[in-house]
Amino acid sequence: MANHDIAITVRRGTVHALVGENGAGKSTLMKILYGMQKPDEGTIAVDGQQVTFNSPGDAIARGIGMVHQHFMLADYLTVLENVVLGSEKLHGIGDRARARIKEISEAYGLNVRPDAVVEDLGVADRQRVEILKVLYRGARTLILDEPTAVLVPQEVDALFANLRELKAEGLTVIFISHKLGEVLSVADDITVIRRGTTVGTADPANTTPKQLAELMVGSELPSPETRESTVTDVPMLSVSDLRLSAVDPDGVVRSVLDDIAFTIHKGEVLGIAGVEGNGQAELVEAIMGMRTPDAGALTLDGVDISSVPTRKRREDGIGYIPEDRHKHGLLLESPLWENRILGHVSEKPNSNKGLLDLKAARADTQRIVREYDVRTPGIDVTAASLSGGNQQKLIVGREMSHAPKLLIAAHPTRGVDVGAQAQIWDQIREARREGLAVLLISADLDELIGLSDTLRVMFRGRLVADADPATITPEELGSAMTGAATGHLEAHGAPAETDPRTGGEDR
Amino acid sequence: MKKFDKERLLLGIAAPLLAIVAAFLVTAVVLVATGKEPFSAFGIMFDYGMKSDSQVYILNKATTYYLAGLAVAVGFRMNLFNIGVDGQYRLAAFFAAALGGALTLPGFLQIPLIILTAMIVGAMWAGIAGVLKVTRGVSEVVSTIMLNMIATAIIGYLLQDGRLGQLDSAGTKVSTKPLPESSHFFVFPTVPDQVWGFIVVAALAGVAYWFILSRTRFGFDLRTVGQSESAADASGVNVKKMIITSMLISGLVAGLVGMPTLLNDSFEYGGDFPTGIGFTGIAIALLGRNHPVGIALGALLWGFLERGSGKLEFEGYDREIVGVIQGVIVLSVVIAYEVVRRYGLKRQQRQVGEKLAAQAKNSKKQEVSA
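First to last, the sequence lines map onto chains A and B. Going letter by letter, the first sequence gives residues 0 to 506 in numbering that gives the first Met the number 0. Going letter by letter, the second sequence gives residues 0 to 369 in numbering that gives the first Met the number 0.
FYI, nobody ran anything at the bench for these hints, they're computed from the structure. Incorrect hints may have been included.
A few chain B positions that, by computed beta-carbon distances, are all more than 12 Å from chain A [claimed, not checked]:
id, residue
1, Val140
2, Ala152
3, Phe187
4, Asp317
5, Val351
Simulated crosslink set (SDA-like; lysine to any residue; CA at most 20 Å straight-line) [stated by the list, open to error]:
id, chain 1, residue 1, chain 2, residue 2
6, A, Lys404, A, Gly137
7, A, Lys101, A, Val45
8, A, Lys30, B, Glu353
9, A, Lys311, B, Lys239
All figures in this text were calculated on a predicted structure; none of them were measured in a lab. From the three backbone atoms N, C-alpha and C, an ideal C-beta is built for every residue, glycine too.
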């Protein structure tokens with residue numbers, strides 16, 4: 000949380016990357032630069048002039064704008080309406096504003112249509128709207144918080160082209176990321192933050208990702224590679240003909256899962272690739288029993304669990320690392336030891352015949368904190384006071400402590416620092432060797448390719464393609480994620496156009 | 000780790016204390032504005048409230064209030080706002096009184112039977128709101144308010160001569176048939192007045208509340224739903240079932256609220272049976288932070304304030320001034336808790352950050368020296 004002795008100089012007209020583990024203090028620093036938080040000491044100077052920011056408004060007045068990781072757009076409004084919202088005074092809300100938006104869009108090659116409804120836009124388009132929103136307010140310095148986290152590789156390239164355009168026009172970009180390859184390809188300067196302080200700068204021209212990572216972690220670089228196969232032919236989870244429809248906010252019934260079928264064997268990691276929002280979350284919730292599918296059967300370790308309630312499924316050995324840990328994985332205002340009980344209240348050591356065993360639960364929380372390197376002063380602090388990465392380590396520790404048969408890992412290392420990432424990968428590999436089956440959902444394609452034994456691509460609620468992680472590249476996978484390729488993805492060649500139905504079956 | 004606990008305790012006490020101080024200050028301002036001297040009024044209340052007969056009065060009042068506070072608190076822990084405790088306890092007490100008046104069993108059978116009847120009636124009445132919420136999505140706030148009105152109407156209809164009520168010999172008052180002597184609950188023979196024996200039941204209810212919520216699986220599930228429905232769902236709690244169950248429990252406890260009065264004092268349900276205690280319970284649960292000890296302190300404070308209000312009237316003050324104090328306490332409590340809660344969370348986050356930074360520095364030093 001705490002920042003101390005941060006020194007950073009950003010040159011005008013450059014892309015300056017800020018890298019660091021999660022919990023290293025990048026977000027705090029950004030909040031300070033954007034006026035959302037006040038520093039205890041130290042100064043900020045813009046164009047040589049010392050400034051104090053009391054609110055984001057002050058920062059915008061000085062030409063500093065922020066593009067948040069989670070988009071802040073109203074889905075049912077048009078791009079124009081979203082852009083002028085809150086800045087009606089600048090250029091009105093009509094044709095003058097429209098003209099200005101077009102002007103900005105053309106100047107920086109953003110390709111934004113002012114009258115499109117945001118709901119209809121893809122993730123990359125929405126991000127460009129966010130950037131335009133900031134530019135519209137007169138920003139000369141843009142802060143982008145992990146902008147590539149939600150993009151597929153092709154979209155990342157497009158974003159970087161936009162950033163170069165901005166730079167060419169004399170604007171300054173501060174770019175926060177922990178994807179080192181991207182940082183090296185786009186940044187002019189790099190500042191590394193570790194444990195709240197700036198530990199060094201790097202010149203992207205003569206730095207390798209490995210060197211940068213070592214600077215970030217202070218130790219050697221982990222890798223998600225798992226090559227020796229532990230896949231057995233004993234099915235652990237079988238999903239067949241799974242269908243689910245949901246009512247969207249407009250009241251239209253829409254199919255979110257369509258004809259999903261796959262089998263995960265003991266010792267196998269099945270990776271599901273896909274742009275977020277294509278049904279991955281619903282698939283996980285259907286397997287967990289949090290949603291009731293319209294049709295389909297689920298078999299866990301030979302037992303039909305289609306109509307078994309969530310708690311029983313968990314007791315029967317499904318471990319769950321949720322996509323949104325704040326929503327589904329933690330009680331933020333409860334102490335760590337109560338969070339250790341969450342989801343496993345009916346299992347040892349947390350309880351005994353209906354009564355909680357506080358002593359055992361607390362002792363076991365201490366163990367998890369120790370073994371999974373959860374950085375906390377103790378187990379009585381609330382979950383909210385930990386950094387995201389440490390919260391995740393606690394969740395992983397909790398789920399692995401009950402020796403699951405099947406682990407559902409949705410973005411298991413999202414927002415986790417490189418060191419903890421390695422540890423989580425190790426835990427998954429370790430358990431996989433002992434026969435754990437894993438359903439892995441991730442937006443990090445390197446992680447997916449590196450950890451999975453089998454890969455599937457999900458697009459609009461269907462499993463449309465499969466691939467062999469040993470040969471596939473992130474780019475090929477990325478194009479399948481946008482729906483451009485289906486069937487079995489052949490490495491280094493044109494994707495084979497086969498019937499997605501047959502392609503979606505087990506190999 | 001002990002340090003964090005102590006701080007949490009301090010923060011926990013800070014909010015109600017702040018609220019009470021603020022309430023007295025505001026009341027002082029009101030008194031001054033109406034041209035009265037505030038401090039002598041507070042002096043009168045404290046002096047009178049400390050007298051031994053006042054102490055008994057306060058304990059007896061607090062018994063009722065405590066149960067009402069518990070009933071509301073069960074809902075609060077679940078994020079359910081059971082405004083219907085009022086209707087639940089009145090309907091429960093009414094049917095329990097009617098049944099008790101009609102039977103003449105030995106006390107050891109009849110008293111439990113009366114209490115059980117009250118609890119079941121209370122639970123069923125609250126359960127209606129639970130079922131409506133789960134099946135039709137009706138907010139429990141709305142349904143329980145309406146159920147309060149319906150309860151009033153039902154009691155009004157049945158409490159008539161020839162139905163479940165009877166006219167007393169003087170012909171002035173309708174009530175249920177009085178309970179037989181054997182159904183009177185025991186009392187502590189204190190002087191000058193007696194302390195109601197039901198205080199023991201209230202204390203047991205408090206212990207049970209604490210035990211179930213903080214020591215059982217069920218309690219953990221209930222609190223989980225209260226904190227985050229989505230996390231509860233993911234952790235395997237059946238949220239809908241939990242809503243109904245907790246409404247039933249809230250109603251069970253609400254059923255007890257009328258019992259101290261019925262079994263220790265009035266022995267019948269008449270037009271003068273105390274009303275509005277369900278709403279007092281909301282204030283007390285808020286004041287006590289849903290904590291069994293906190294609720295007890297809140298109930299005692301409420302009893303004390305009410306005792307003082309009677310005396311104020313004799314001394315030329317308006318008794319409504321106590322209403323002002325109570326109202327401001329509730330308002331300030333709600334505000335103070337939110338302020339203290341946010342402050343506590345922020346403070347802890349900062350402390351954790353500082354501690355970790357210190358740890359990191361230390362380990363770095365060790366590396367260097369090694």
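Checked hints:
{"no.": "1", "hint": "Val140", "in the structure": "holds (23 Å)"}
{"no.": "2", "hint": "Ala152", "in the structure": "holds (38 Å)"}
{"no.": "3", "hint": "Phe187", "in the structure": "holds (33 Å)"}
{"no.": "4", "hint": "Asp317", "in the structure": "holds (42 Å)"}
{"no.": "5", "hint": "Val351", "in the structure": "violated (4 Å)"}
{"no.": "6", "hint": "A/Lys404 to A/Gly137", "in the structure": "violated (54 Å)"}
{"no.": "7", "hint": "A/Lys101 to A/Val45", "in the structure": "violated (28 Å)"}
{"no.": "8", "hint": "A/Lys30 to B/Glu353", "in the structure": "holds (18 Å)"}
{"no.": "9", "hint": "A/Lys311 to B/Lys239", "in the structure": "holds (17 Å)"}
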